[in-house]
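Engineer: For reference, the chains in residue letters:
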Amino acid sequence: MSIPLNLHPDRLFPAEPGTRDLARRLYATVKDLPIVSPHGHTDPQWFADDTPFANATALFITPDHYVFRMLYSQGMRLEDLGIPRRDGGPVETDTRKIWRTFAAHYHLFRGTPTRMWLDHAFATVFGIDERLTPESADRYFDRINACLATPEFRPRALFERFNIEVLATTESPLDPLDHHRRIRESGWRGRVVTAYRPDPVVDPEFEGFAANVAQFGALAGENAATWAGYLAAHRNRRAYFKSMGATSTDHGHPTAQTSDLSAAECQRLLDRALAGTITPQEAEAFRGQLLTEMAGMSIDDGLVMQIHPGSFRNHNPHVFARFGRDKGADIPMRTDYVRALKPLLDRHGNEPALTIILFTLDETVYARELAPLAGHYPVLKLGPSWWFHDSPEGMLRFREQATETAGFCNTVGFNDDTRAFMSIPARHDVARRIDCRFLATLVAEHRLGEDEAFALAPGLAHDFAKAAYKL
Amino acid sequence: MSIPLNLHPDRLFPAEPGTRDLARRLYATVKDLPIVSPHGHTDPQWFADDTPFANATALFITPDHYVFRMLYSQGMRLEDLGIPRRDGGPVETDTRKIWRTFAAHYHLFRGTPTRMWLDHAFATVFGIDERLTPESADRYFDRINACLATPEFRPRALFERFNIEVLATTESPLDPLDHHRRIRESGWRGRVVTAYRPDPVVDPEFEGFAANVAQFGALAGENAATWAGYLAAHRNRRAYFKSMGATSTDHGHPTAQTSDLSAAECQRLLDRALAGTITPQEAEAFRGQLLTEMAGMSIDDGLVMQIHPGSFRNHNPHVFARFGRDKGADIPMRTDYVRALKPLLDRHGNEPALTIILFTLDETVYARELAPLAGHYPVLKLGPSWWFHDSPEGMLRFREQATETAGFCNTVGFNDDTRAFMSIPARHDVARRIDCRFLATLVAEHRLGEDEAFALAPGLAHDFAKAAYKL
Amino acid sequence: MSIPLNLHPDRLFPAEPGTRDLARRLYATVKDLPIVSPHGHTDPQWFADDTPFANATALFITPDHYVFRMLYSQGMRLEDLGIPRRDGGPVETDTRKIWRTFAAHYHLFRGTPTRMWLDHAFATVFGIDERLTPESADRYFDRINACLATPEFRPRALFERFNIEVLATTESPLDPLDHHRRIRESGWRGRVVTAYRPDPVVDPEFEGFAANVAQFGALAGENAATWAGYLAAHRNRRAYFKSMGATSTDHGHPTAQTSDLSAAECQRLLDRALAGTITPQEAEAFRGQLLTEMAGMSIDDGLVMQIHPGSFRNHNPHVFARFGRDKGADIPMRTDYVRALKPLLDRHGNEPALTIILFTLDETVYARELAPLAGHYPVLKLGPSWWFHDSPEGMLRFREQATETAGFCNTVGFNDDTRAFMSIPARHDVARRIDCRFLATLVAEHRLGEDEAFALAPGLAHDFAKAAYKL
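Residue numbers (the numbering used here), protein chains in the order written: chain D, 1 to 471; chain X, 1 to 471; chain W, 1 to 471.
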């Protein structure tokens with residue numbers, strides 16, 4: 001009853017034979033380029049400790065919200081998938097049973113990028129040549145677990161086998177970056193860098209904000225209860241992050257709102273934030289002010305700034321209460337950039353030394369706002385299609401809607417933005433295939449020279465990301 | 001001068017030969033499946049009385065706002081198309097003359113789904129093999145009328161010929177459902193069911209709201225002026241609708257706003273609504289509260305809930321004053337779901353027993369809001385592309401934008417949502433062709449196994465709708 | 001090192017051979033039709049004076065914000081591109097040096113419509129057969145300049161060579177239209193007409209509004225400080241514009257907001273506008289009132305009304321302060337039409353004598369708002385994809401999203417809306433190719449008869465614009 005698992009060499013290329021042939025030829029020139037992964041959420045401890053991954057379920061299911069959100073949407077309980085409860089209450093611990101449940105519902109992923117990523121990992125990482133079905137579930141589980149027990153499947157070995165040139169993680173300013181220090185001190189040649197993600201100390205609505213800021217000041221040796229000291233603490237921690245390889249900062253606010261307030265008003269907002277009396281509007285203004293401040297600091301220290309707005313975090317209070325953050329219950333919202341970014345752009349938009357990479361979960365802004373903004377402001381560049389839109393259709397929409405106004409030159413190549421280490425090669429492979437498909441279509445329609453497509457392909461696959469992120 | 005009317009067997013399939021061939025093979029497996037029409041606005045009296053349809057004009061033009069809105073947009077007067085005036089003033093009554101006017105302007109429908117539906121009905125229902133033109137207008141009119149006079153073209157005969165497995169209509173809670181009772185008592189085996197559409201008693205801005213609620217209470221034997229009695233009356237009428245075959249409720253609010261208010265606040269809003277002193281904001285809150293209440297009742301009685309928001313009804317006051325509702329002057333609006341649905345989802349979003357099917361007239365929410373919501377919340381599923389988007393391009397956009405995040409499994413197959421009985425087979429045929437085309441494209445691009453496409457095709461054409469609507 | 005510059009005869013047609021062949025055959029029937037350019041911003045002085053264009057840089061770079069915004073976005077200074085400063089400060093004057101800078105960065109335009117327009121002009125106007133590169137830059141510069149010095153490249157000769165049947169410019173009510181008068185009096189047979197663009201006297205936030213209105217009244221012989229006199233001045237100037245060939249008015253407001261206020265309220269707003277005490281909300285109401293007034297005047301004088309909303313003008317204060325308006329820093333905004341147009345439509349929406357052509361920079365409204373509105377209201381028609389969306393992908397999105405609900409008949413063919421005279425043939429050629437491609441796809445998918453595609457093609461290329469604009 002085994003069904004073949006074929007990763008067809010022409011997957012994601014268009015069906016029209018001439019265009020497909022050109023896509024294939026373009027892809028051949030980029031498929032083996034090293035992976036630059038300038039933004040993501042893998043765990044640096046993997047590479048510091050190099051401990052084997054535990055088992056197939058712990059590798060593919062329990063940490064991947066793309067996987068378990070789909071199963072949850074179809075009526076499975078998160079407890080039955082082994083997702084840990086915040087209260088420590090009982091959840092399924094039989095990893096083989098969880099794997100079988102997953103296999104029994106693998107058909108739910110038909111047509112999704114998750115299915116493509118998983119199949120890619122099963123085939124290319126674990127050498128499996130049959131489709132995951134209820135019938136093959138145990139063979140999968142056993143084979144993956146057997147592999148994981150071997151040295152070739154430890155995190156560092158996979159990092160090297162995946163041909164990763166550089167991988168960025170994201171850490172809080174409160175993180176001592178011990179894992180990164182240990183990686184650097186270990187003599188291992190894999191390049192894993194951090195990125196400065198200051199949510200816990202810039203978002204007055206983050207759990208424990210006041211305590212976080214106190215700790216932040218202490219780490220930096222500054223009185224972070226004063227606006228000047230608070231800013232100095234950021235400069236201090238940014239410098240430390242930079243010493244641990246960081247070339248970028250990352251900002252995941254609910255909106256793209258920026259502010260440009262007086263120092264007195266900033267102190268007032270900080271006071272209210274620390275006192276816990278800040279209103280939602282003031283919290284938004286405070287976060288927005290921090291974007292403007294971070295841009296200013298980036299002009300000084302050269303860190304590339306990433307803005308990832310527009311997610312309504314923890315939309316499901318039941319899931320949040322029981323399982324916590326990042327459990328597949330973040331939902332995109334309509335997002336404005338034109339008015340929201342103006343305070344920041346008015347102050348720093350024409351600075352040659354600054355790079356701000358914009359992301360969105362609201363695809364309507366590609367052609368209407370982001371491409372026109374990036375096609376004018378020297379500081380702005382466009383990140384790739386992100387999160388729910390990190391998918392074949394999403395990538396095509398991004399290229400089709402952004403390229404005509406922003407050009408390729410104002411985009412920065414691909415970011416995987418993932419916690420799922422196994423999916424990194426798959427995601428980059430999808431992006432390379434779709435970009436080559438897009439280029440091939442332009443050539444087939446005589447909108448771009450074939451020589452120009454071959455010149456652009458390695459840029460989209462590798463060089464643009466490396467340059468934009470200063471890696 | 002007769003021009004052939006060809007329904008090409010490959011219509012709506014992509015031009016690329018390999019993909020077209022696969023689309024054709026997939027379609028062959030679903031084209032003869034019975035029609036499940038779980039949501040629409042046909043008139044149950046047709047099937048209760050089984051009286052012949054009057055003539056070509058009364059069948060195709062005067063009841064179909066898709067048809068006469070286009071003619072009106074090009075300067076024809078609705079009076080000249082025989083649309084009845086509310087004041088009983090004179091309108092054209094020469095149905096042949098109206099038909100000729102329609103034929104003279106048939107070219108206006110080029111490129112529209114209306115043209116496809118009409119051609120499909122002309123060819124497959126009436127066996128016509130020439131295009132509608134001014135020259136063929138009389139032949140059309142005579143042939144259609146001659147057909148309608150025969151027993152084979154009575155409503156029940158057509159219902160059977162159309163291979164309709166089940167057809168849902170929508171009725172107000174104030175409707176005694178006499179037509180449905182007569183259908184059930186007639187011994188005819190055609191399955192026509194009602195659906196609970198409570199606008200007249202849940203929308204404080206509906207004409208005659210207070211009188212409607214009084215009548216509603218009387219029908220249910222409850223004092224509907226109290227919040228408890230009002231809710232009890234809903235439970236009572238829902239049970240009656242269920243006894244007449246209803247498996248669903250339907251809610252067509254201006255927005256997707258939901259509320260979760262205290263009983264005291266609900267009583268206050270009900271009081272003001274009955275007194276006619278409710279503000280627009282309060283009316284919106286009241287309607288939103290009813291969505292949450294209806295969801296709660298659905299958990300108890302199992303009726304599937306449909307939410308159809310986002311239409312600005314009766315946008316043209318001149319047309320409304322002269323001709324009334326549903327005259328082609330309803331215009332879609334931008335619609336938010338992420339914030340709007342939160343009160344309802346906070347209360348009922350994780351209930352395994354509840355199914356809520358979401359529709360939209362704002363396509364921007366497919367990838368941004370609806371697919372992420374449906375790909376997480378167990379209660380949510382996505383209805384097909386709706387109304388203005390019930391079209392080849394609209395259906396493709398829905399699949400391309402929703403599938404990657406929601407999967408196929410969180411969608412519910414096709415609804416025609418039509419008042420135009422003749423268009424039902426045509427609309428389902430378009431949907432089946434487009435879904436097979438979409439599947440064929442995924443296979444041609446090696447994004448889905450061919451066996452999986454054949455497994456999904458009957459689901460999209462028939463099984464998903466039957467299951468989701470519990471039919 | 002010379003790279004061929006090929007304008008492939010099949011450019012922009014789809015790759016699938018059958019569809020491409022049909023697109024080619026459709027295009028052959030329209031490619032030589034004369035150009036109707038009913039809306040744009042070319043300078044009538046060119047045709048009045050018929051002075052030679054100065055040089056390649058002055059022709060292609062310094063006046064074209066599409067060109068220099070891209071260069072600016074990649075870090076070039078506008079001063080170094082020869083863009084004049086408002087303060088008269090120094091900018092680069094070596095036009096050859098500027099041209100070389102442009103050539104060195106020509107790769108930035110890959111995938112943009114600007115690249116297509118430029119290549120089209122280089123090849124078809126100047127007969128150049130090699131790509132613009134740093135290596136060919138001087139040959140380009142010399143050849144273009146040599147051409148411009150000959151009589152065949154003077155504005156009137158090019159106008160005739162471009163096969164322009166009629167070209168509309170846009171002027172302020174304060175413009176004496178001397179250039180237009182001189183063109184008409186010159187005996188030259190080229191048809192250049194004006195259009196009434198009243199921003200300086202209808203926008204209270206326009207620089208010098210009060211002085212403008214005073215001058216406006218003086219020109220018209222009316223006391224424009226009274227609401228009645230102000231309206232009479234509009235009627236007077238519209239009549240004068242009409243005598244100079246105008247068939248249309250043009251309105252470029254930030255939003256599509258319309259108003260329908262009492263005369264007393266209008267007087268109050270006018271008073272505050274003239275006194276400089278009007279609030280932003282009042283200014284918006286005033287502009288909105290003027291749209292309604294202009295519609296009323298159009299019913300009387302027959303001028304076609306164009307509404308071009310949704311641009312955030314002069315988003316970059318640094319660029320505005322140094323270089324002024326129209327320097328590539330206008331950014332589209334999300335735009336509502338359904339609520340915004342209602343006051344105007346309530347008053348004039350059903351008038352057979354009125355034509356209002358709607359444009360948008362927010363593509364999300366094509367299927368959701370504009371096509372449903374235009375498919376109902378007799379006064380409304382849809383302008384083509386505009387500005388940032390005047391591109392192959394933008395045009396396809398417009399047809400794919402608007403046609404099914406509005407039909408072709410509620411669209412008005414192509415407008416170039418350009419200041420770049422050289423790009424006019426290129427832009428119309430792109431539009432004709434894309435429209436033929438769209439029609440060919442419909443035929444290839446059996447959604448439209450081949451005879452119908454051939455009937456529609458000249459309409460989309462020429463006839464619809466001529467009829468809609470009454471040219």
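Everything labelled a hint here was simulated from the structure, so no lab data went into it.
Ideal placement from N, C-alpha and C gives every residue a C-beta, glycine not left out.
Mixed in with the good hints there might be a few duds.
Stated by the list, open to error - Here chain D is said to cover these stretches of chain W; the calculated rule only asks that three of the stretch's residues, wherever they fall, bring their Cβ under 8 Å from a Cβ of chain D:
#1 70-83
#2 209-221
#3 302-316
#4 389-400
#5 408-420
What the hints assert, rightly or not - If you anchor each label on the Cβ, the simulated ranges turn out as follows:
#6 D:10 / X:463: 29 to 35 Å
#7 X:28 / D:165: 34 to 40 Å
#8 D:97 / X:282: 49 to 55 Å
#9 X:104 / W:275: 55 to 61 Å
#10 D:133 / X:279: 42 to 48 Å
#11 D:86 / X:172: 18 to 24 Å
#12 X:276 / W:299: 50 to 56 Å
Unchecked claim - Chain D side only, calculated, beta carbon under 10 Å to chain X, not exhaustive:
#13 10
#14 66
#15 104
#16 107
#17 128
#18 143
#19 146
#20 147
#21 331
#22 361
Engineer: Run every hint past the structure and note whether it holds.
Structural biologist: Comparing the hints with the structure gives:
| no. | hint | result |
| --- | --- | --- |
| 1 | 70-83 | holds (count 5) |
| 2 | 209-221 | violated (count 0) |
| 3 | 302-316 | holds (count 3) |
| 4 | 389-400 | holds (count 5) |
| 5 | 408-420 | violated (count 0) |
| 6 | D:10 / X:463: 29 to 35 Å | holds (31 Å) |
| 7 | X:28 / D:165: 34 to 40 Å | violated (49 Å) |
| 8 | D:97 / X:282: 49 to 55 Å | holds (51 Å) |
| 9 | X:104 / W:275: 55 to 61 Å | holds (56 Å) |
| 10 | D:133 / X:279: 42 to 48 Å | violated (57 Å) |
| 11 | D:86 / X:172: 18 to 24 Å | violated (46 Å) |
| 12 | X:276 / W:299: 50 to 56 Å | violated (37 Å) |
| 13 | 10 | holds (6 Å) |
| 14 | 66 | holds (9 Å) |
| 15 | 104 | violated (13 Å) |
| 16 | 107 | holds (7 Å) |
| 17 | 128 | violated (15 Å) |
| 18 | 143 | violated (21 Å) |
| 19 | 146 | violated (26 Å) |
| 20 | 147 | violated (24 Å) |
| 21 | 331 | holds (5 Å) |
| 22 | 361 | holds (6 Å) |
Against the hints set out earlier in the document, violations occur for numbers 2, 5, 7, 10, 11, 12, 15, 17, 18, 19, 20.
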